[in-house]
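2 protein chains.
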Amino acid sequence: MPVIADAKRGDIASTAEAYAQALFRRLRLRCRTVNPYLGTDSLAPFLERADKGVFVLCRTSNAGGADLQALAVTGDGQRRPLYEAVAELARDRWNEHGNVGLVVGATFPGELGRIRQMCPRLPFLLPGVGAQGGDVAAAVRNALDEDGAGFIINSSRQILYASSDRDYAQAARRAAEALRDEINRHREAALAERAARG
Amino acid sequence: MPVIADAKRGDIASTAEAYAQALFRRLRLRCRTVNPYLGTDSLAPFLERADKGVFVLCRTSNAGGADLQALAVTGDGQRRPLYEAVAELARDRWNEHGNVGLVVGATFPGELGRIRQMCPRLPFLLPGVGAQGGDVAAAVRNALDEDGAGFIINSSRQILYASSDRDYAQAARRAAEALRDEINRHREAALAERAARG
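Taken in order, these protein sequences are the chains called Z and C. Oh and the first sequence: position 38 is 40 in this note's numbering, straight run, nothing missing. Oh and the second sequence: position 128 is 130 in this note's numbering, straight run, nothing missing.
What the hints contain is simulated information worked out from the structure, not anything from laboratory work. A couple of the hints might just be wrong.
[Unchecked claim] Partial list, computed: chain C residues near chain Z (C-beta under 10 Å):
| no. | residue |
| --- | --- |
| 1 | Leu40 |
| 2 | Ser44 |
| 3 | Asn64 |
| 4 | Leu70 |
| 5 | Arg93 |
| 6 | Gly135 |
| 7 | Ala139 |
| 8 | Ser158 |
| 9 | Ala197 |
Here a beta-carbon is modelled for each residue, glycine too, at the ideal position from N, C-alpha and C.
Could you build all of it, start to finish, from the sequences and the hints given here?
Given below as structure tokens:
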């Protein structure tokens, strides 16, 4: 089972290299999340490991994410929110080895759909359902790529804390399976709708 | 001796609260660095501990920092780099308890001087001298506040790796003392110049 370390690291290259060693080599994790604020050279130690995945924070699921991520950035004759500039960097500059994805909050389905339009081929990691209140149906509909896939919905607290009693393991399993079934149901519906549109 | 954890954390509020507990309560550290990309609610668990310091990443010392931090942000009739928008948020919104400072790379003395003009009272943490090549004289001159203080220059590799031999402890001490003396010499010169200007 592939493990994604949602560690959101971001540091200068020498420190990033040490983080990459720790998570990829020592802990043998498959993917990790990174914070783009420090730019390309801070991401390079992760990006250059072509057999490992890197999910770049783009539009995070928390309300305060907009404080920076929604600031209007101008350049190249365009004006757009910062998170779209990050999505473009991820698509055009950081994905040389085809191992880059984006973290986009399921809590903002409109932004999610817009980022999917910009980046039809990048995998998305979608936090924000469950405890954070994101709508699974809207997330699935907006995150689906052309192949009817292309995203991972993660849920932490809803599953981890499904029960604080001795049945916690069974309760966590039930919560995970219920979410899986919900995702698949909405995916089938979205694909059927897409097929009907022709 | 106050200890600053340069951990550059940034996560949603529930996780940020756990990081705050770990670093402030369990490890009893005095200050930490945080990444602003996730916005106000991700910083709140640190900011609200009025007896602890929080240095917000603003203009980092690495070359790639410009990829995001120098993007032109427009709003309120202004156009300025993202790092200035972060400096303003730190000054006007995040510093309610007077415990906020900024991380500004000593490698970019021009930007440093501009941020000091914008934020005359915030303490600065200045990485980038030593292994990263920042000029101590230019950093000191541009970071000094009205009281002739207001900044901490940190140096890691230059001191940690002053020697890889058995004299490493003495070599580290000598490197630290040499940097301290250099900072103080440039500070005296800058203050003398300021006094001469009247």
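Here is what the structure says about each hint:
The restraint placing Leu40(C) at the interface with chain Z holds, with a minimum CB-CB distance near 5 Å, inside the 10 Å limit. Residue-level restraint check for Ser44(C) holds (minimum Cβ-Cβ distance to chain Z is 6 Å; threshold 10 Å). Among the interface hints, the one on Asn64(C) holds; its C-beta lies about 5 Å from the nearest C-beta in chain Z, closer than the 10 Å criterion. For Leu70(C), the shortest C-beta to C-beta distance to chain Z is roughly 6 Å, which falls under 10 Å, so the interface hint holds.
Given hint, Arg93(C) at the interface with chain Z, is violated; its Cβ is 14 Å from that chain's nearest Cβ, farther than 10 Å. For Gly135(C), the interface hint is violated, the least distance from its beta-carbon to any beta-carbon of chain Z being 12 Å, above 10 Å. Violation of the interface hint for Ala139(C) is found here, the shortest Cβ-Cβ separation to chain Z being roughly 22 Å, above the 10 Å cut-off. Taking 10 Å as the C-beta contact cut-off toward chain Z, the hint placing Ser158(C) at the interface holds, the least distance being around 9 Å.
Interface hint status for Ala197(C): violated, as the beta-carbon distance to the closest one in chain Z is roughly 36 Å, over 10 Å.
When each numbered hint is compared with the structure, violations occur for hints 5, 6, 7 and 9.
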